[in-house]
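S.K.: If you want the building blocks of each chain, they are given just below.
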Amino acid sequence: MAALTFAVARPVPARPRPKARRHLTGWAFVGPATLIVVGLSLFPAVWAFFISRAKWNGITAGVPVGWGNYQQLAQDPDMLAAARHTLLLTVFFVPLSIGLGIVVAIALNQRIRLIGFYRTCIFVPYVASAAATGILASFVFNPQFGAANDVLRHLGIPQQQFLESPSQALYVIVLIALWGEVGFTTVIYLAALQDIPKELVEAATMDGAGRWRVFRHVTLPELRPVTVFAAVWQTITAVQLFDLIYTTTRGGPLNSTQTVVYYIYELAFQTQRLGYGAAAAYLLFVVTLLLTLVIVWYSRRRGSEVF
Amino acid sequence: MRPGLITGGAAALLLLTACMGGTTEPGKDAAAGYDPKATVEITWWTGQSEEAEKVAETLAAEYHTAHPNVTVKTSSGAPTTDDLLTKLSAGFTGGNYPDVSYAYGSWAGELGGSGKTQDLTTFVQDPSFGWPEIPEAARQTATAGGKVIGVPALVDNLALIYNKPLFDKAGLAYPTDEWSWEDFRAAARKLTDPGTNTYGTAYSVSGSEDTTWHLWPLLWQNGGKILDGNKPAFNSEAGVTALETLRRMAVDDKSMYLDQTDERYWRLFNSGRIGMMLSGPWSLIELKEAKRSYGVAVLPGVGGDHQTVSGPDLWVLFDHEDVNRAGAARDFIKWLTSSQIDAKWNLALGNLPLRTAESTTPEFATYVKEYPGGDKFFANLANAKQARPTVPGYEEMSRNVGDAIAAVLQGKSSSKEALDAAAEKSKNALVN
Chain A
866 MAALTFAVAR PVPARPRPKA RRHLTGWAFV GPATLIVVGL SLFPAVWAFF ISRAKWNGIT
926 AGVPVGWGNY QQLAQDPDML AAARHTLLLT VFFVPLSIGL GIVVAIALNQ RIRLIGFYRT
986 CIFVPYVASA AATGILASFV FNPQFGAAND VLRHLGIPQQ QFLESPSQAL YVIVLIALWG
1046 EVGFTTVIYL AALQDIPKEL VEAATMDGAG RWRVFRHVTL PELRPVTVFA AVWQTITAVQ
1106 LFDLIYTTTR GGPLNSTQTV VYYIYELAFQ TQRLGYGAAA AYLLFVVTLL LTLVIVWYSR
1166 RRGSEVF
Chain B
64 MRPGLITGGA AALLLLTACM GGTTEPGKDA AAGYDPKATV EITWWTGQSE EAEKVAETLA
124 AEYHTAHPNV TVKTSSGAPT TDDLLTKLSA GFTGGNYPDV SYAYGSWAGE LGGSGKTQDL
184 TTFVQDPSFG WPEIPEAARQ TATAGGKVIG VPALVDNLAL IYNKPLFDKA GLAYPTDEWS
244 WEDFRAAARK LTDPGTNTYG TAYSVSGSED TTWHLWPLLW QNGGKILDGN KPAFNSEAGV
304 TALETLRRMA VDDKSMYLDQ TDERYWRLFN SGRIGMMLSG PWSLIELKEA KRSYGVAVLP
364 GVGGDHQTVS GPDLWVLFDH EDVNRAGAAR DFIKWLTSSQ IDAKWNLALG NLPLRTAEST
424 TPEFATYVKE YPGGDKFFAN LANAKQARPT VPGYEEMSRN VGDAIAAVLQ GKSSSKEALD
484 AAAEKSKNAL VN
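Protein chains in written order, with the working numbering: chain A, 866 to 1172; chain B, 64 to 495.
There could be a bad hint or two in this list.
Said to hold, decoys possible - Derived DSS-like pairs (lysine-lysine); straight-line CA-CA distance at most 30 Å: (1) B:LYS150 x A:LYS920; (2) A:LYS920 x B:LYS490; (3) B:LYS100 x B:LYS210; (4) A:LYS920 x B:LYS210; (5) A:LYS920 x B:LYS488; (6) B:LYS407 x B:LYS397; (7) B:LYS294 x A:LYS920; (8) B:LYS288 x A:LYS920.
Bear in mind the hints are in silico, worked out from the structure with no lab data behind them. All values reported here derive from a predicted model rather than from experimental measurement.
Extracted from the complex, chain B is given alone in its bound form:
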């Protein structure tokens, strides 16, 4: 081998190591000594599709007018929100990542581990930020590895949405906020009619996060936990009871439509083939288009415990070792998530408001009028008492749990066996 080749090979190796490595700089605050008057340009990946992206651009322009020294370069960042993580990871490798990016809450553990996020722990504690006004579960999700890495961008939760005409037709009373899962099961059975392809309820068995996170409220209501330290704990007795509740409907009663994709069940609900679904406030937007007559109740409970799960999304702030950019990004996000501006953003898009203070705004009244049941979802935020863990490896564990649920609901495995196997498979992912 020629020496040139050896040098080249060594250089390539170094480059590869650099590409796979992260940076961690403990201690120093990313925005220490920030000059609010400095001229800066920050990049904002919104993760939004067309219409919402337009609203974002208007807001960025509005911010620029108020702060002429700050230009916010706005783009969606990726073709779909799901693709943002891939774009971000490519951006980290190439050293070309945004100052602020939209992120799913489930990515928080991984992004926090990148060493490229800002630490906002002290920043959000400032009374002017109003951190406690944001729901607890969302604040937990924005915290990864003990550090606040971003600010919640969107809050939601799961509740029970039901089709009123189907209940009327079956002569059943509408679901109430006091329902138990036995009430839910009985209603689902009565609503099911194979002759007209009508199902009482539905569940996604694609094995994705959509499959997994619908189980978590049931697990919590039964007194279970997802993790114990960094060990899987969902295969406890509570976990088995939770999954059994679903299995009885899917296998014994056949009152549950099992969706192999995540795309079909809500469409079938919208077209009046499904009586009840467990879904979030985003469904109201589609229900409005479908012109369905529906009602919203909190999730059925176990012994009066009706807690739900929240799937908050985040604005994650990244550090470019430039105090002025870091500071400007913080001020921008503080502005964007303030109750005044958030009303123009989330409420206008048909999402729940981020802060409790917004419930008295005229925008909230308009939102509730336009999307009936929105107030129920807002009140249900109080039932989101626990958050999904923000640890690296959650995604892989979620996939294993999703596969387990899918197997059980399709009668291929018992609840205990499937959950034990999923826990065993996930051990490795969570440890390091």
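Chain A with its partners taken away, still in its complex shape:
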């Protein structure tokens, strides 16, 4: 667009260049980037779509099955269970990470000694790789020899199975994910808090608002655009959570932590059902796209454009 406007705005072209050459220059600029996007994103995506319409194990010849894989997905109890686990994970993880982020950000926005040190401490888990976090957590939550059960013993609370119990594992994973991700939401909220104009707060105080009312009617509304961004971002993080599950439970026990992404991995790379896995991946893509569109549409309607 910019190049076009520029060309039109030029008063007198020195010499009208041949059209083909101008096209060529344009393509020379966008070419490399286009090639990378087409080669590494679009081509595999299109290919995956064709694979999703075949029964293929990556080795023997693929058999086209039309929409068979998608029809099978709709009736697959494992897929349904995986979707339920992903949904549960998202429903717990997103609001909690945002809520905790705001609370910690407010705490770290105070003028106290060693504040820089505290801020670093909160951010470090986010920098650590999820794989490392997962391995560490599986030591802590080991039912027989882990530190978590030691603490419970001292408090006189019965021993728990944590990651080895089908009913607890998913929540323990949410907890571990929160530990790693709260650093991120904290940092963006900290930045947003410091961007709130002092005059607004002062004006409200002058008008006799207490601390709670300042927070409720000045701070929170000012944080809304950041919250929309954080909600979209954390939803995508939750839906795509893989490395943590891989390093802690591998989808177990009894597939109770098998999320959609992990199920896709298992289909495609553990049992070599590439066609079926690709169909599941496409389904996930469509759902994520719709979810994001809904959030963006909702936020635009509310007047805060972040995307």
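Since the structure of chain A is already known, use the hints to place chain B on it.
M.R.: Positioned in the frame of chain A, the structure of chain B alone reads:
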């Protein structure tokens, strides 16, 4: 739409079809008219980690010295052996796959279906190859779709490994080769002590092949079969009896440590928390490092039937439509798996010997001295009477059976229901 786009789209479609298709060329022998003097370079993916990879490279160099016209390009092929299949499938798509690759036996069905493997059926029948010297179950595994697609690279089997000090402490007699599963269960119960976190035995409930293949010997001992033609048959009465044997220990007695990963139970055995485990000769290598005092007995049996399962790995040979490469790859593998060279390879790495003839070599004596119980595992090869099926779809079926076992051992389902559900789910995978 512009015509250019249509052509482009059509070309892309063609490419995609080509990428997903396999090649099959029936009839012709890959090495017909092979000239042993021709200068060739063959690629060898060993699937080994550091130390073993070094031994492989030494052997490849040794082969090159003896046959200067053949260069063997050696690499591990993938970061872990598990990743080899993904690498191979990517290699097939890109047309860049090795001449010889290590492969798990459970991949044989899929690799055989690729149409890119050599057919070695007549080659191995040559008396000089000594095909019958290799254990029967391993030979069956190397045969997919009626064709021999490779040569066994490693043979193993499951036996009962027990912790001697724990038996002494409990005042129990050591397991014998005549044990029944009732003896095993009784001992496991007596060895279990919640106070010290000690378990009688252990089982992986990760739902992987490790979970599944430990059940197969029990199924066979009870007279069951994994498949009937291409229909699942493991949910028979024999299958239910087999799984019940395990369920009683896990659920009723709580004498079985249930491992949610495949990584923990043998570590706990090595650190003296588990009395007995059903495992293979690879465990001896770790037990030696852990300096545990242990013994080995054959698997407990049903009515005197003590058969076990073998998990052979393979050297799979691929066809590049080049007779000289195909021929050179065959000669190389024949050399590598000969009893003389195999003693320098498998026995040196702490694996069982591939051929019966090796049991008289000095290398075997050294192996048994270094890894006590190795001779027991070697003798137990005779108990590996049946092989896991080499059909496409085995991997998926194995996953379903693994999930069923995990659910039953954790008290979430009855044996009959879980196995029936797994059979129902696997039907589709096995048919085509």
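S.K.: The structure should be examined with respect to each hint, and the outcome stated for every one.
M.R.: The hints, checked one at a time:
This hinted pair checks out: LYS150 of chain B and LYS920 of chain A have alpha carbons roughly 20 Å apart, not beyond 30 Å. This hinted pair checks out: LYS920 of chain A and LYS490 of chain B have alpha carbons roughly 15 Å apart, not beyond 30 Å. For the given pair, LYS100 of chain B sits about 28 Å from LYS210 of chain B by alpha-carbon distance, which is consistent with the 30 Å threshold. The hinted pair formed by LYS920 of chain A and LYS210 of chain B meets the criterion: a straight-line CA distance of about 24 Å does not exceed 30 Å.
For a cut-off of 30 Å, the pair hint linking LYS920 of chain A to LYS488 of chain B stands: about 16 Å separates their Cα positions. With a CA separation close to 14 Å, the supplied pair LYS407 of chain B and LYS397 of chain B stays within the 30 Å bound. The suggested pairing of LYS294 of chain B with LYS920 of chain A holds, with an alpha-carbon distance near 19 Å, which does not exceed 30 Å. Among the hinted pairs, LYS288 of chain B with LYS920 of chain A is consistent with the structure: their alpha-carbon atoms are about 27 Å apart, no more than 30 Å.
Checked against the numbered hints given earlier, the structure satisfies every one of them.
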